[in-house]
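J.: Protein chains in written order, with UniProt numbering: chain Y, 1 to 587; chain G, 1 to 587.
There's no promise every hint is true.
Each pair may be met inside one copy or between any two copies, as identical chains are not told apart.
Claimed, not checked - With a cut-off of at most 25 Å between alpha-carbon atoms, the simulated BS3-like pairs for lysine-lysine come out as follows: (1) 340 - 505; (2) 128 - 319; (3) 457 - 505; (4) 540 - 319; (5) 534 - 346; (6) 346 - 121; (7) 128 - 457; (8) 390 - 457; (9) 346 - 102; (10) 485 - 534; (11) 457 - 54; (12) 485 - 102.
No lab work stands behind these hints: they were computed from the structure.
2 protein chains.
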Amino acid sequence: MPTRLTNYFLRTLREDPAEAEVTSHRLLVRAGYIRRQAPGVFAWLPLGLRVKAKIEAIIREEMTNAGAHEVHFPALLPREPYETSGRWETYGDGIFRLHDRKGSDYLLAPTHEEVFTLLVKDLYNSYKDLPLAIYQIQDKYRDEARPRAGLLRGREFTMKDAYSFDISDEGLDASYQAQRDAYERIFTRLGLEYVIVNADNGLMGGARSEEFLHPTPIGEDTFVRSAGGYAANVEAFETVVPERVSFDGLPAPVVLDSPNTPTIATLVDLANAEYPRPDGRPWTAADTLKNVVLAVAHPDGAREVVVIGLPGDRDVEMKRVEVAFAPGEVGPATEADFAKHPGLVKGYIGPWSTDGAVLGAESATGIRYLVDPRVVDGTEWITGANVDEKHVFGLVAGRDFVADGTVEASDVRAGDPAPDGSGPVELARGMEIGHVFQLGRFFAEVLGLKVLDENGKLVTVTMGSYGIGVTRILAIIAEDNNDGKGLVWPASVAPFDVHVLATGKDPAVFEAAEGVVASLEAARFDVLFDDRPKLSPGVKFADAELIGVPKIVIVGRGVADGVVEVWDRATGDRENVPIGEVVAALG
Amino acid sequence: MPTRLTNYFLRTLREDPAEAEVTSHRLLVRAGYIRRQAPGVFAWLPLGLRVKAKIEAIIREEMTNAGAHEVHFPALLPREPYETSGRWETYGDGIFRLHDRKGSDYLLAPTHEEVFTLLVKDLYNSYKDLPLAIYQIQDKYRDEARPRAGLLRGREFTMKDAYSFDISDEGLDASYQAQRDAYERIFTRLGLEYVIVNADNGLMGGARSEEFLHPTPIGEDTFVRSAGGYAANVEAFETVVPERVSFDGLPAPVVLDSPNTPTIATLVDLANAEYPRPDGRPWTAADTLKNVVLAVAHPDGAREVVVIGLPGDRDVEMKRVEVAFAPGEVGPATEADFAKHPGLVKGYIGPWSTDGAVLGAESATGIRYLVDPRVVDGTEWITGANVDEKHVFGLVAGRDFVADGTVEASDVRAGDPAPDGSGPVELARGMEIGHVFQLGRFFAEVLGLKVLDENGKLVTVTMGSYGIGVTRILAIIAEDNNDGKGLVWPASVAPFDVHVLATGKDPAVFEAAEGVVASLEAARFDVLFDDRPKLSPGVKFADAELIGVPKIVIVGRGVADGVVEVWDRATGDRENVPIGEVVAALG
């Protein structure tokens, strides 16, 4: 049975919705696919539901091919498992919490690691039951601070989340690879360009973790890639460490006056003006060592002041620092933090003074001192002398000061070398469309998922977690496939295969259109039939372009000559086709 | 690809779950269909998800046949529309409420009338757009006080809810009938016995309202039916009103002493002992008029004391009274209520005293007096005389007292006449599986859904609401289709068409089983294949009986003779079939 526009729940809109920030949101609303209910919360209209179902069907097929079995968990879950894992707390304001009439705490689950772990614990108890991969396609909730960009970042959204259970690390690697391969097949079938980037593991501390990013200028993530094939998100980028240099024969450090040097730039200018290098090479920001004071709130409640030393031509990238200190929360040091450490002379902080070491666990202040990996032994620096209006020149790492360790705190820049030697990197923007992640034994340990191994010994299961944002993918496909007139769906996810328009008022034309529709349906095409009797061809064309079904068949005056027009939405090509050959022309 | 038990997420259980109150719950958990997550909240395992998908597919087909279009709303909805309709308040403790990080109020929707109304208001504006029927299959939430009986009454449950929009009452009737017909087709295809009962409209006050009840001893609803085809739920049953009797020539009422008559039974005994009827017929409870004092809390905050008079052989049925006074909330009068009405002499209340009328809007007390429809003019009663230890005999309705109206307050009993003259009724228990309901213009009025009619005039749309409990239906089918050994699914919703067992250890048998499975799959049967190599036939048989696929094929020693056994789960019949004829035997 064709879907007839005379009797379909659809209203295309001429005006853009006021709240729409991105093209996909604007067009999906205007073309009658979705409708906003609250910030980040949408209703699905018939057209949108069809596209979503097609994406889900492709995901289901590839999950089945990967040996995963479908289950379905509630969105409403009790607090206890999330309390045990610690996430009830660590999610902070990011989730919806509620309680029932008896006062028991619940949440609307943002992801389901805990309850999948408990389900397997409930039902399985032997290595013979493993490996196991189970998944669901389910509506999830996050109380985003700024739900924006339509379906790209919603508060209610559909995800496919899969979880694997293995007894060994090798098993986990195989399960991980099976899901990773399935993801590649899924995104390929959906026609979605993707880059697989090494991802930071964040709070969960597993082993391998990769994100599938779709390169797009509206992406929320910045990632790093080289022409030679390296890709990573900014948090996971590893700085190439220079060779250490011998400091034999380097002169001793010298403390020099440096009034009015509140910035690296003013310090470099003063150095070049007052203290030029003997060999005439100008000082640059890269010759200075910038020391940034941060404070870390540790999960146990302790607050720690930390100093990070990095070349003066680099900035601290907080996203990278946050990962380095997780699960602690890191931020700038406050006046109160400085007050507790009078040994730090603001504006002139450095690891060394003429009275001895200033920074480092063993120093006068006892403050932990971490440096950028580029600050290798033997490098010489201009840095604060811990005396007002004085800097020290020629301070040598490994000789005059020793850091407590290195930290990936500096920003990543185009031209930085890729850690795998594949050449300089560039920065690009991307949107996360999938994530594969070796959880390891964290959840199994805290929730007690153990099985008997071949020797009858209880062993903790190792797990992986694999997510695809279904509704986000739909929005990204819409974002990538449109023109000034509307959506242009790829055939794999289009709401219909063919959009047939009957134009004009001639009953013979409408009768011919019915025949075309019947022959298309007989050939198993899914047909949207614009049989509205009183609209002008222009309105019907505009609606067809807005809705974006890939193939459009215009049944009009040509019927008298036995022809209809077949219109390719993507290319705009139109060609006359004899009525009897429409099915073949669309084949 | 067959589903192989060597690699499927399934664990059958030997033990009944401790919390299971009904057979369906017990078997669905034991056979690996569902798993409890919290009271009234379940996860769906692969087998359960398959049955649910089959039920949903049947519902979708019939909704399409009824001309309804599928949409999908969020579960998480903002407070405002429900505030406007008044239901944010009237739901009381029955819904889950929550708020987001900004403090805005939300609910987990228990039903979606408000937002469907607003969606149509948003998109449509003309009579030309109507009629319209839209539906969703979606997870709903109710914070039940006592979630019980597994899926039969959950806190998270799946419903199909449809809504119709029409411009005229005739249109609504047609839309209602289309959904009602679809429901009959759906329940017939699911093999579910149903009775359509007239239902009370409850709070919403529309026109037609019918429930589809499935007769079952575990049903939560009592309904009334006659052999002649009448059916109604108890709340909607209408008492047959006796003809009024002439009171010409009846004697005047007499006040008589009646000490120690705290109950109707003691009153009747005293009457028969002390004041026998002149004609010798004994007094019975039916000769007495019982007056019950209730208090109604009206929505505007007013509290009203009301007295209901009914024959002494009847009891007040609170469910019926609640409907009569909705949206007010009715309950027994408290001591405080009595204290405000000293004119009521507890234990001896009646509408009349020697000083004049005691009950009724125009009486000394001013208390509204409503009577059972059987208390017609001319009937004679023994009732309280409003004096301690005294009753009045021969008090005649319509002569000695006049009520303010009638009320359907009495219980319904087997043998009561059906209001349509189709004979005496019997009482049966049933479970609601569907509800079709003419909402009328309530939601359209409060939410402002108007469209232009043919004359360009704005008119308020009239609506219907149509619900089917998907997960409840699944449980009811399980409840009705099982035996001592497990589930016995009807073919229309079975998780698989055929369950093939390979028994023993002979590789030739397993190879033959692979061939049988391949030929069944080629014939488009959906096959569950028990290919587990090391289990005894007894374990495999027991699992097959527990899981309940309707047709089981046992591939075993008979393979040497070219035969397999085909086992009908429902009848228990087993027959040998040549391997090459298995497909035909199952056809």
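J.: Against each hint, give a clear statement of whether it holds in the structure.
T.: Evaluated hints:
1. Taking the closest pair of Cα atoms, residue 340 and residue 505 never come within 25 Å of each other, the shortest separation being 85 Å inside a single copy and 76 Å across copies.
2. In this homomeric assembly, residue 128 and residue 319 never come within 25 Å of each other (Cα to Cα): the closest approach is 42 Å inside a single copy and 55 Å across copies.
3. Taking the closest pair of Cα atoms, residue 457 and residue 505 never come within 25 Å of each other, the shortest separation being 79 Å inside a single copy and 28 Å across copies.
4. Taking the closest pair of Cα atoms, residue 540 and residue 319 never come within 25 Å of each other, the shortest separation being 49 Å inside a single copy and 55 Å across copies.
5. Taking the shortest alpha-carbon separations for residue 534 and residue 346, neither the intra-copy value of 77 Å nor the inter-copy value of 74 Å comes in at or below 25 Å.
6. For the homomeric pair residue 346 and residue 121, neither the shortest alpha-carbon distance inside one copy (55 Å) nor that between copies (62 Å) is at most 25 Å.
7. Taking CA atoms no more than 25 Å apart as the test, residue 128 paired with residue 457 passes inside one copy only; the shortest distance there is 13 Å, against 72 Å between copies.
8. Taking identical chains as interchangeable, the C-alpha atoms of residue 390 and residue 457 are never at most 25 Å apart, the minima being 65 Å within one chain and 84 Å between chains.
9. For the identical chains of this complex, residue 346 and residue 102 are neighbours neither inside a copy (55 Å) nor across copies (38 Å), given an alpha-carbon limit of 25 Å.
10. With identical chains, the CA atoms of residue 485 and residue 534 are at most 25 Å apart within one copy only, with a shortest distance of 22 Å there and 63 Å across copies.
11. With identical chains, the CA atoms of residue 457 and residue 54 are never at most 25 Å apart, being 45 Å at best within one copy and 42 Å at best between copies.
12. Within a single copy, residue 485 and residue 102 get their C-alpha atoms no closer than 54 Å, and across copies no closer than 37 Å, so neither meets the 25 Å cut-off.
Violation of the numbered hints given earlier is confined to hints 1, 2, 3, 4, 5, 6, 8, 9, 11 and 12; the remaining hints are satisfied by the structure.
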